[in-house]
Amino acid sequence: MALTLKLNGETHTVDAEPGTPLLWVIRDELKLTGTKFGCGVASCGACTVHLNGEPVRSCQTYIEDVEDAEITTIEAVGDDKIGAAVQQAWVELDVVQCGYCQSGQVMSAVGLLSENSKPSVEEIDEYMHGNACRCATYQRIRAGIQRASEILEA
Amino acid sequence: MTLNTSRREFLKGAAATGAVLLVGARPDGALAAAPSDTTQFNPFVKIDADGTVTAIVKHFEKGQGPATGLPTLIAEEIGLTMDQIEYEFAPSNPQVYNNLLFGPFQGTGGSTAMANSWMQYRQAGAAAREMLINAAAQSWGVDASGITIEEGIVKAGDKSAPIAEFVAAASQLEAPVEPRLKDPSEFRLIGNETVRRKDSAIKGNGQAMYAMDVHLPNQMVAMIKRPESKGGIANGFDDSASKEVKGYISAAILPNQAGVAVYAENTWAAIQARDALEVEWDTSGSETRDSDQIKAEIMAALDAEAAYNVNKADVAAVSAAIDGADKVVEKTFYFPLLAHAPMEPLNCTIEQTAEGDIVLHDGAQSPTGPHMAFQQIFQLPPEKIHIKTMLAGGSFGRRATPDADYQVEAALAFVVTDRTRPVKLVWTREDDIRSGYYRPAFGHKVRVGLDGNGEIVGWRHQVAGQSIMKGTAFESFAVHDGVDHSSIEGIADSPYQIPGMSLGLTDTPKATSVLWWRSVGHTHTAYVMETMMDLAANAAGRDPVEFRLAHLADASDPDQKRKANVLKLAAEKAGWGNAPVGRSQGIAVHKSFGSYAAEVVEVSGDPETGIKIEKVTCAVDCGIAVNPDIVRAQMEGGIGYGIGHVMRDQITLTGGTVDQFNFPDYEPLRIGDIAAIDVHIVPSAEAPTGVGEPGTPPSAPALANAINAMSGDLVAELPMAENGVSFA
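If you read the sequences in order, they're chains A and B. Quick note on numbering: numbering that gives the first Met the number 0 labels position 100 of the first sequence as 99, and the sequence is numbered without any gaps. Quick note on numbering: numbering that gives the first Met the number 0 labels position 126 of the second sequence as 125, and the sequence is numbered without any gaps.
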């Protein structure tokens, strides 16, 4: 069935059956591959996108539930100043290793800083708990969020 | 390790259009043509007419840094900034792009990417520099000795020009046989703290392209329905329910009957159609054992006479010395199967070109593996098979199997089609956890005898587990006199001076598919060696650091000296012996892949209410740290990988079927699990050695020793969470 999505500021018409995870529409239909498939069960966070500014796991978000939402993916999150600050911090600190989880890490970090501009270490650890990184870049993710917070404060 | 690169001659090639400078190594005997024959020429560095310099990187990038490190070597020797060099991954060519430590085999593993490329890539860069300088000397009519290249600018006195000016002329010159390498005192980029990763920005903004991101026109997505237990054979299938899935195309039994390929227009359709497929399995040859039985076999082997006396010790004399010792410390250890679970599930894409060539798009860890397998499957000569290496979302060993398992699976799924549509094979996380290759389960039994002065008088060490290398193409490389070195590395060959050691090994029967897993045998041998050193030190009433140093006391042996140095540095930086109230420390040190790493883990809490890992302090000696920040990152990651798994992960089997499914029951390390990691690099003038793996081995025993220091209970069976330790 045809569905209309508002994604990264543009309107897209996609052909997808109800029950299709948003992840696969973004990746396979719209060919925006920055949003990653990691587990399919909302356990790793690699597929994190924003729905109306809130991070959600797109592998467990169904296409029929997002028709009225503003969807933002990693490809556009840097257009916003918080996203740009997080991406700048990620480069400054060379947070990434394999990088496969990092789109999701950035999306969650932007979600955190959007609601808490100066999170404590404990708040970071709690908020980012669901974003797995098999390379274990966690220490730099923590530092990256703190650095982005500084950039935004300046 | 010794790398014989000095006799490799350097070649240059000039493209037909003239204005490209290519520099690379001559394949041994395989290329006798003129150096300007670009059709046969595979360079390490390419300089376009406009001066764009590209490093051709022969190792895949899974996060460990070669896409930064190898370009750094070339940029250093030519005289460029890091912004003036690009990178691309080398094509598959085992003659030119082989790992110099692997023979005629292109592949990444054993933490060798920098170690084997160090001289080769520097020499390529140095040759390019000399050719550019010689071209400038001719053009300007000045002596080459007065010409320099810095930040991409060729200079002599008051003359200066960008390197682009001399690319065409340089491409007509002969390559130097022995180009002069820069002296370390001249290094501007190697060892420079400010050199950043070349792949950071694209990995933070979604632009990085992994194999999973390949979308070829008209491609199909294939998923394989595999048997519940390894060894099942597909005899037939019913896809009537799959046909209800929109986007389902067809299904076919793989030629080897190891599964049924399900083809669909997209990934989601493939997932649903595969779920709906009914397969008729012949399970007569399936693995049926439980992991408890596998463990029982291993434990029984530890109590029997070992099949191999690895270090040809006088076992009776060692046993007698221990029996007569003042104190005896004895422990039996068990290490479960572990999955690699790289973040990007396994996948690759295969297409056939109009000319009938086969192209594989893959995060290719060992291109030579699938390249050889595809020659058989497609009945094609090697030059008709091409591998495009993409970024890889982690591996930890999983993307390199001796039988090229997932690439072969994709090829089989492709070869049964009419080949008009590319086939993208995708594994789900469940496939990865349940159908994978695992770190083999291992058991160790150790008895250590101490005399009245607290000196070791005997160390009897028995190891049992499934060999990784036997029965593979790597057997002749890794198995000697029946002993698979990867089962026992890090014990008898440790730099420790341990008197009266006997090391026995018994292979246990094949239980499942096993594979190297970040740091291979050191994953278990370091745990045993380093917890036993602590138990022995405790029994002797000696400090664990002092006790270890006493077994590394020969300063004339560089191996002992370097291991002792990292131990002392880690202890100093961690404030060894001065843990804050309520905290305990544990230390471990281990040599692996040519590098030395010592780690101190500091914990709070207690095993009943919850252990909290407060800090890990690491000291590493990896020779020259080409990129110190990447070295630190690899230590941080290696520590996290080691600790995460011993905390709570295992793969278990019931009736031959894997019990775990996905991350909820194979829980990754999470951000809150380790509060801080602090890495210190020992300054060194030695050639670079490994960094991808050496951070892992000491991490788990250091944690175990810290918990033991707190509770008096050494965890000898893993994972810890299943053996009496809870984590906060």
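If you're looking for bench data, these hints aren't it; they were derived computationally from the structure. Errors might be hidden in some of the hints.
What the hints assert, rightly or not - With a straight-line cut-off of 30 Å between C-alpha atoms, the simulated DSS-like cross-links for lysine-lysine are:
id : chain 1 : residue 1 : chain 2 : residue 2
1  : B       : Lys509    : B       : Lys469
2  : B       : Lys387    : B       : Lys311
3  : B       : Lys444    : B       : Lys469
4  : B       : Lys509    : B       : Lys567
5  : B       : Lys387    : A       : Lys5
6  : B       : Lys330    : B       : Lys509
7  : A       : Lys117    : A       : Lys30
8  : B       : Lys567    : B       : Lys330
9  : B       : Lys245    : B       : Lys294
10 : A       : Lys30     : B       : Lys387
11 : A       : Lys117    : B       : Lys614
12 : B       : Lys330    : B       : Lys469
13 : A       : Lys30     : B       : Lys469
14 : B       : Lys330    : B       : Lys242
15 : B       : Lys245    : A       : Lys30
16 : A       : Lys117    : B       : Lys611
17 : B       : Lys311    : B       : Lys294
18 : B       : Lys567    : B       : Lys326
Claimed, not checked - Some, not all, of what chain B presents toward chain A, calculated at C-beta under 8 Å:
id : residue
19 : Lys245
20 : Glu343
21 : Thr427
Note that beta-carbon positions come from the ideal geometry of N, C-alpha and C, so glycine has one too.
Right, here's what the structure says about each hint:
no. : hint                : verdict
1   : B:Lys509 x B:Lys469 : 10 Å, holds
2   : B:Lys387 x B:Lys311 : 47 Å, violated
3   : B:Lys444 x B:Lys469 : 23 Å, holds
4   : B:Lys509 x B:Lys567 : 41 Å, violated
5   : B:Lys387 x A:Lys5   : 35 Å, violated
6   : B:Lys330 x B:Lys509 : 25 Å, holds
7   : A:Lys117 x A:Lys30  : 35 Å, violated
8   : B:Lys567 x B:Lys330 : 27 Å, holds
9   : B:Lys245 x B:Lys294 : 45 Å, violated
10  : A:Lys30 x B:Lys387  : 20 Å, holds
11  : A:Lys117 x B:Lys614 : 23 Å, holds
12  : B:Lys330 x B:Lys469 : 28 Å, holds
13  : A:Lys30 x B:Lys469  : 43 Å, violated
14  : B:Lys330 x B:Lys242 : 57 Å, violated
15  : B:Lys245 x A:Lys30  : 19 Å, holds
16  : A:Lys117 x B:Lys611 : 24 Å, holds
17  : B:Lys311 x B:Lys294 : 27 Å, holds
18  : B:Lys567 x B:Lys326 : 27 Å, holds
19  : Lys245              : 6 Å, holds
20  : Glu343              : 4 Å, holds
21  : Thr427              : 6 Å, holds
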